[in-house]
Amino acid sequence: MKTPLSWIKDFVPGLDCTAQEFMDAMTMSGTKCEGYEQLDKNLEKIVVGKIEKIEKHPDADKLIVCQVNVGSESIQIVTGAPNVNEGDLVPVVLDGGKVAGGHDGGPLPEEGIRIKAGKLRGIESKGMMCSIEELGSSREVYPDAPEDGIYIFSGASGVKPGDDAVAALGLDDTVFDYEITSNRVDCYAIMGVAREAAATFDLPFKYPEVRETGNSENAADIVSVEIKDTDLCSRYVARVVKNIKIGESPDWMKKRLRACGIRPISNIVDITNFVMLEYGQPMHAFDLSTIAGNKIIVKRAGEGDVFTTLDGEERKLDSEVLTICDGEKAIGLAGIMGGENSMITDSVKDVLFEAATFNGPNIRKASRRIGLRTDASGIFEKGLDPQNAYDAMERACSLIEELGCGEVVGGRVDVHGALPEKKRISFEPDRINSYLGTDISKETMLSYFKRLEVEYDAGSEELIVPTFRQDLLGFADSSEEVARLYGYDRIPTTLPKDSGQIGGLPFKLKVEKLARDTACAFGFSQSYCYSFESPDVFDKLRLAEDAPERAAIQISNPLGVDFSIMRTLPLNGILGSLSSNYNHRNENVRLFELANIYIPKTELPITDYPDERMQFTLGAYGDIDFYDLKGVVEEFIFKAGMKDRIKYEVSKRPYLHPGRQADIIYNGTVIGYIGQIHPLTAKAYDMAKAEVYIAVLDMPEITARASFEPRYSGIARFPSVTRDLSMVVPKKISAQDIDDILVQRGGKLLESYSLFDIYEGAQIVEGFKSMAYTLVFRADDRTLSDNDINNVMKKILNGLDGLGIVLRS
Amino acid sequence: MPMNVDKLEEIKTRALASIKDAKALEALNDVRVAFTGKKGELTEVLKSMKDVSKEDRPKVGALVNETRDIIEDAINKARANLEASALEARLEKEKIDVTLPGKKRKLGHVHPNSIALDELENIFIGMGYEVVEGPEVEKDYYNFEALNIPADHPAKDEQDTFYINGEMLLRTQTSGTQIHEMEKGRLPIKMISPGRVFRSDEVDATHSPSFHQVEGLLIDKEVTLADLKGTLETFAKKLFGEETKVKFRPHHFPFTEPSAEMDVSCFKCGGKGCRFCKGEGWIEILGCGMVHPHVLEMCHIDPLKYKGFAFGIGLERIALLKYEIDDMRLLYENDQRFLDQF
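So the sequences go chain by chain: A and B.
If you read the first sequence in our numbering, its first letter stands for residue 1, the second for the next number, and so on.
If you read the second sequence in our numbering, its first letter stands for residue 810, the second for the next number, and so on.
Hints in this document: simulated from the structure, not taken from any laboratory.
Mixed in with the good hints there might be a few duds.
[Stated by the list, open to error] Quick list of in silico lysine to any residue cross-link-like pairs, SDA-like style, CA-CA up to 20 angstroms:
{"#": "1", "chain 1": "B", "residue 1": "915", "chain 2": "A", "residue 2": "622"}
{"#": "2", "chain 1": "A", "residue 1": "2", "chain 2": "A", "residue 2": "41"}
{"#": "3", "chain 1": "A", "residue 1": "731", "chain 2": "A", "residue 2": "805"}
{"#": "4", "chain 1": "A", "residue 1": "683", "chain 2": "A", "residue 2": "572"}
{"#": "5", "chain 1": "A", "residue 1": "295", "chain 2": "A", "residue 2": "341"}
{"#": "6", "chain 1": "B", "residue 1": "1030", "chain 2": "A", "residue 2": "503"}
{"#": "7", "chain 1": "A", "residue 1": "601", "chain 2": "B", "residue 2": "975"}
{"#": "8", "chain 1": "B", "residue 1": "1030", "chain 2": "A", "residue 2": "177"}
{"#": "9", "chain 1": "A", "residue 1": "508", "chain 2": "B", "residue 2": "937"}
{"#": "10", "chain 1": "A", "residue 1": "643", "chain 2": "A", "residue 2": "713"}
{"#": "11", "chain 1": "B", "residue 1": "1054", "chain 2": "A", "residue 2": "492"}
{"#": "12", "chain 1": "B", "residue 1": "948", "chain 2": "A", "residue 2": "599"}
{"#": "13", "chain 1": "B", "residue 1": "912", "chain 2": "A", "residue 2": "521"}
{"#": "14", "chain 1": "A", "residue 1": "365", "chain 2": "A", "residue 2": "375"}
{"#": "15", "chain 1": "A", "residue 1": "450", "chain 2": "A", "residue 2": "440"}
{"#": "16", "chain 1": "B", "residue 1": "1046", "chain 2": "B", "residue 2": "1079"}
{"#": "17", "chain 1": "B", "residue 1": "1114", "chain 2": "A", "residue 2": "498"}
{"#": "18", "chain 1": "B", "residue 1": "948", "chain 2": "A", "residue 2": "605"}
{"#": "19", "chain 1": "B", "residue 1": "993", "chain 2": "A", "residue 2": "503"}
{"#": "20", "chain 1": "A", "residue 1": "513", "chain 2": "B", "residue 2": "1151"}
{"#": "21", "chain 1": "A", "residue 1": "299", "chain 2": "A", "residue 2": "360"}
{"#": "22", "chain 1": "B", "residue 1": "1056", "chain 2": "A", "residue 2": "21"}
{"#": "23", "chain 1": "B", "residue 1": "1087", "chain 2": "A", "residue 2": "177"}
{"#": "24", "chain 1": "B", "residue 1": "1046", "chain 2": "A", "residue 2": "489"}
{"#": "25", "chain 1": "B", "residue 1": "1030", "chain 2": "A", "residue 2": "439"}
{"#": "26", "chain 1": "B", "residue 1": "993", "chain 2": "A", "residue 2": "609"}
{"#": "27", "chain 1": "A", "residue 1": "510", "chain 2": "B", "residue 2": "939"}
[Stated by the list, open to error] Ranges of calculated distance between the beta carbons of each label pair, as one might list FRET restraints:
{"#": "28", "chain 1": "B", "residue 1": "878", "chain 2": "A", "residue 2": "720", "range": "48 to 54 angstroms"}
{"#": "29", "chain 1": "B", "residue 1": "910", "chain 2": "A", "residue 2": "544", "range": "45 to 51 angstroms"}
{"#": "30", "chain 1": "B", "residue 1": "1085", "chain 2": "A", "residue 2": "55", "range": "55 to 61 angstroms"}
{"#": "31", "chain 1": "A", "residue 1": "110", "chain 2": "B", "residue 2": "976", "range": "50 to 56 angstroms"}
{"#": "32", "chain 1": "B", "residue 1": "909", "chain 2": "A", "residue 2": "110", "range": "49 to 55 angstroms"}
{"#": "33", "chain 1": "B", "residue 1": "1085", "chain 2": "A", "residue 2": "450", "range": "37 to 43 angstroms"}
{"#": "34", "chain 1": "A", "residue 1": "669", "chain 2": "B", "residue 2": "996", "range": "35 to 41 angstroms"}
All values reported here derive from a predicted model rather than from experimental measurement.
Every residue, glycine too, gets a C-beta built ideally from N, C-alpha and C.
Bound conformation, chain A alone:
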């Protein structure tokens, strides 16, 4: 939303402050001003000049020498401009003055361009005649400016030599830009912002002068209006203007439009644009001669109807699109765009003006479905005050008479249901103070409401809200009005009277922090990946067509197929990140992620919450192997207080190397998996040559078993006894098989064991491997005797023998 300061001042004549002060005060009272543009930035010493004489330059074919009357004197200016004639009135920058830009209309230099007297091809030139681009504007809003050449004032402008040319062009203005919040529909209008300015600066607000208009005829005798779908149109005001005289608008109106970035076109169009800016009420003008039966019917379109809008495009409609029809056909899309069949042309004689109130959400949906968003639909969709339609129509007709562009017919056709009444809110000053933490007097509060045109009924102690403030509904709203006019910066700064809560992290997040700390300690860096991905991921991961992981939640309106499903596996994110690192030639990359996967609990499509499962995913390539990663996983599980034995079972996940993968099992439950990425999956991620390892821990399973309550169990007092065991082991026997024997048979006396050597190859018979363990025995109540050890060792050796293991001689 943009407003020129000059227009605001029409409504708030007493306003007197700098642009910065205005911006700051408006922002602090709730109309967030995002910036302003001074239209006369870098325009200095620019006056109206009259070209009195033009002579050829003696030494340059393309230059002319002009004598220009600039009011107090006549100066000589040399120019190359092709479009000037003797008698023309033009903007002239005098010696030492400044213009905003070059004549090419390129980006404006920050400091502008200083103009100094000098010689052009030996002939003295004491200033410069300006194009509209040099004045920092464009032909977009000054369509009367020539495409290439000096701006020439029209005879109607009434300027004379020596006048301030910047003011004459309406460039002596500042345009503010606001972010209007969705609750303040009334502020999508200059008048609404001006009302806020009046309240902010505590100045009187002056309504525009709207005169009673119309001849002795009655519009109701000429046209009729019927609203068939009253749910979508709450008010329709129609007036008729006869004998239209299409022409130019006066300069004052053009200046206003230009300052808002709107190109003046013709009086009738300009008036509708002007009223739209001023009142925030879009209007439409129909050529009355095209309206069959002089009848307006507001109704839903038929399913599949086709309609050509005034931009010449064919639009396909459905039954939720509201149309404006005449006795026979649709002539406009309500609140969006008029029809080609009823549009105003230069030969128009009589016009039917429409100002209506349409259902905001419906306009929004309809304009989306048709794929046509216009300035009008953008405003209508916010939901307008029906009173505004009436007021705007009166203002428009008043301007038509004032500008003499037609004969307004008396009376109006105003069709509506029950109009909204002014809302009443009980005024609770004490409650407001206890809500804000302030001590503002009742009288002060009432003065704020008065500024906002909110009346007070002392008898019922109620605030009476004007209809244009649709956002003021109850106590909280009334307290906000007080707070913002009192000033948020003046509200005290205190801390809550505490109820004595103790803050902290829930257990789940503590376990996640441990996962993070552990990963970091092992050199893994934290990554953040997207929760949604492409269904192609399942193919890259080589999942079977009927794999349950493929049952993913789909986003109905994704940004693209790459972001269309909620991940059911955590691998794609980390593999994608590893791949990007790999292809940037980053060596030895270790990443982890802690984030959710989304598992539907029921058949798709879901109607209830899915299971959001936190996954701890580690992925790495480079200086790492399976056992390095396994060590990280085991350290984390141990630190999480899960001290029972972790078991591994060879798994069959299609995205992992068939010979290098395992489920991680804790007390019989699979809590995760670990392995090398299958070469084909690695290839799918552009890492064909990398050995990529991943481990995934299903955090809900960890959290359910974790504990952060360590118990001291003493430090051993009796000496330990160590025995080494060097064995020849059939290849098919896993380390875990040996572990099982050691743990079962070693009993309480076996304190610990560790594998210190494993070897396959020469010296070892084919089909066998050599493994060597160190076993540590200890009792907590005595020093172990040889006999003790021999008994245990015997049991262990018997067990190993059962697996076909023999001791190395």
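Given the coordinates of chain A, assemble chain B onto it according to the supplied hints.
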């Protein structure tokens, strides 16, 4: 007697000379053995005491002891010297180039989002806030309706929601957690809720379809807008430094009333204006407000008995600002060269 005296003198002279000549600890030890050892010359002299007259024995004995003391003293001194120079030689030999590179065992790096979140959490935990979580795949009711954003509300459009279907969606804000907490019916409430949110914004330097917010909610009997200001000012000073100034501007959120946005004085330039604050001296960091009474009512909390405030902070915004990251995409690319800097 003279014989013994002369002999002792001669032994002493020879011993001292040998000590002086000994250039290594082994040689010195040989000297000790040769003179004062069990079979050393001095010991031999003592053994020959039986040939000395009874009256001379004490004198000779004293003389022998004196000679022994002198020799042993000399040996000890020589040993200390030799040991010192041996140590010196060893230390010299063990000299290393201290400028050779250290052996690193690289720690991993916590993501800047998490670093920022830790800071935020610690501040609010210190003020007594509990951390809670809410669902990322959310029901329309919790994301919109219960937050005073009914079906036709324009704010619903502004948020560019990803829908699963008519009922389920990806939450566009963490504010739904407020409703979940209030529905539990345990009052008072003092919580923050960090989490992932989603909006259909195309990826660019300042947008991501997935980002994080930290929601805050306090519901109690005596809570005021002034308390909200105080709480968030305290937070801003802890996060950005004690000299930080804050500015509350009126704003609109459907689920809070009055609502505000909070700016902090630019922590790079202190408010003078620089490229970080786009010359404004202020940086917007969060939205907040008093919980709308209608929202309380929908959660079966009596707005005449309880009041509350809520706030929402964009986590990435904090991380980008604090760590001077100029492109949001970096946060989701997970490039090791980027992560290594945190």
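Hints the structure fails to honour: Violated hint: only 8; rest satisfied.
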